[in-house]
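Asks: Spelled out, the chains give:
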Amino acid sequence: MRKFIYLLFVIFTGIVSFKTIEPLFVIPKGWPKPTYDFSNNILAPEKIHIGRALFYDNILSKDSTTSCASCHLSYTAFAHTDHALSHGINNRIGTRNAPALFNLAWSKKLMWDGAINHIDAQALAPIHNKDEMDETITHVVEKLNESSLYRKLFYKAYKDSIITGEKTLKCIAQFLLTIQSYQSKYDSVMKRQTTFTNQQKNGYKLFQKNCASCHAEPLFTTNEFATNGLKVDETLNDIGKMGITHNVKDSLVFKIPSLRNIEFTYPYMHDGRYKKISEVINHYTSSVQPYTNLPQTLKMPMVLSSNEKVDLIAFLLTLTDSHFLYNRAYQFPKNILITTKDKH
Amino acid sequence: MRIVLVLFCVIFSSNIFAQKNNILTIHHFWNDKKIVLDENYFLQNEETISFQTLKYYISSIQLLNNKKVVWKEKKNFHLIDEEDSISKKIIFAKIPFDLDFDEIIFNIGIDSATNYRGVQGGDLDPTNGMYWTWQNGYINFKVEGKSTFCKTRNNAFQFHIGGYENGLSTLQKVSLKINKKRPLEINLNIEKLFEQINLSTQNEIMQPCKEAVEIANKLPLLFSIQ
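Heads up: the protein sequence lines correspond to chains P and X, in order.
Read left to right, the first sequence gives residues 142 to 485 (our numbering).
Read left to right, the second sequence gives residues 134 to 359 (our numbering).
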């Protein structure tokens, strides 16, 4: 009898503890199917753990000064707030704005110019870029294989302590995939848990009329690429996607970013030229250049009164997701990196 | 006991048979000379050329008999590296020992579907230096070296031939008739490529582009069978 009670207790605690475990990845109700094929990189807590450690570890850079988190800060939606262009080792400055990171399982092509077609391969770009980490994946993997910390972590995850490029990059991808933002005020309103203020409601209508064709709900981006009629910055002469495809119709075409957490992802645009949301809106009302490959929806300027602009911004601020911004699972993993730092 | 002995003999002898035709060996040549890295070879007019790297992918190997596919390889991708002699021997696993075939077909490079599949391991691991990083995609064929023809720094040339989309595909198919009586040995004659390139004007390709496609089109002609 006592055994039976004990067994019941074990089962009960099992169920309770199982229920309290947060899922590794969530497809929020009403969202489309992710584009990422998880069957090729099955999520596991130990692998996400490694990815998170690598994301915050300077070991990825040539001189051990720069990590992914140097330009992608969790408290600001993984954007580099207040920095127009990305930063690298030896104070080098890149040519584009470090984008915010979240909901990447729905992305199609990555980077402002779509140069990367798969999230598993994404980390290679900043690791190898001379103006960012200026390293090679081959050397990173050598360094990781020499680190008792990482050999232990990889052994836990793969039952094999030999670290390869594939494992390293797939672990980073696992962490990136779990960075999700779907709990903003907007999301609560959609679930009828709360309501917009009148100003936000009006802003939402203006958003749907003027912005939603490119910044489609619920991701607030179609994850496609388009030109938005920005004047060329002649100090950068960035031709965008055309640099990859060599096709004139991709001239000045850049990735359409999500508007979620826009409150924190300034400065805006691929070169970080605008500091305020109002400057972005003013671009669409009055400075769109008449490029031939401009999307149909931008051919006529947006018409908004100054009150309407304020309402639109009020709506955009409902896309701030503080659950996401302050989620501890995304922050610097003190327990892994600080206590074992000397072991590198 | 006798049965065991007979069985042993059968298994042993069948293994020998199986090995007759299941190793594909690749040899790299400059005319009739085997390639040795960093050794000088002669181009026309006493100009010289030497190689530091010769690396490429062979994939989707198939054996045919009377134009019908009789065997396809399961593990699909082989990185062939002049520096690594083991890489120049491809062992076909699980091939029936009595299989008849008179033709071999393979690709030079990595197909576009694989290029869309993200990062992979083994011969496809990005640490092999055959994966572009600023723009993803495999380098299908890489040849680097020096030539007195090149008026570049250290007389260097670098050809990284790859590309799988935007009309710039560099994947190439090779089809070779097999002499059944001999083991499978394939030659790659690199001089056939450099006879068609003017190194003084063209000495660097590092991205998918029209020039890379033109070079890729020439690659199947470098392969022949002994």
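For the record, the hints were derived by calculation from the structure and aren't laboratory data.
From a predicted model like this one, the values you see are computed outputs, not experimental measurements.
Treat the hints loosely; a few may be bogus.
DSS-like mimics (lysine-lysine), calculated; alpha carbons at most 25 Å apart, straight line [what the hints assert, rightly or not]:
hint : chain 1 : residue 1 : chain 2 : residue 2
1    : P       : Lys300    : X       : Lys208
2    : X       : Lys343    : P       : Lys390
3    : X       : Lys222    : X       : Lys208
4    : P       : Lys390    : P       : Lys372
5    : P       : Lys332    : P       : Lys372
6    : P       : Lys271    : X       : Lys310
7    : P       : Lys250    : X       : Lys343
8    : X       : Lys310    : X       : Lys205
9    : X       : Lys279    : X       : Lys221
10   : X       : Lys343    : X       : Lys221
11   : P       : Lys417    : P       : Lys390
12   : X       : Lys343    : X       : Lys166
Asks: Could you work out which earlier hints the structure fails to respect and list their numbers in ascending sequence?
Replies: 5, 6, 10, 11, 12
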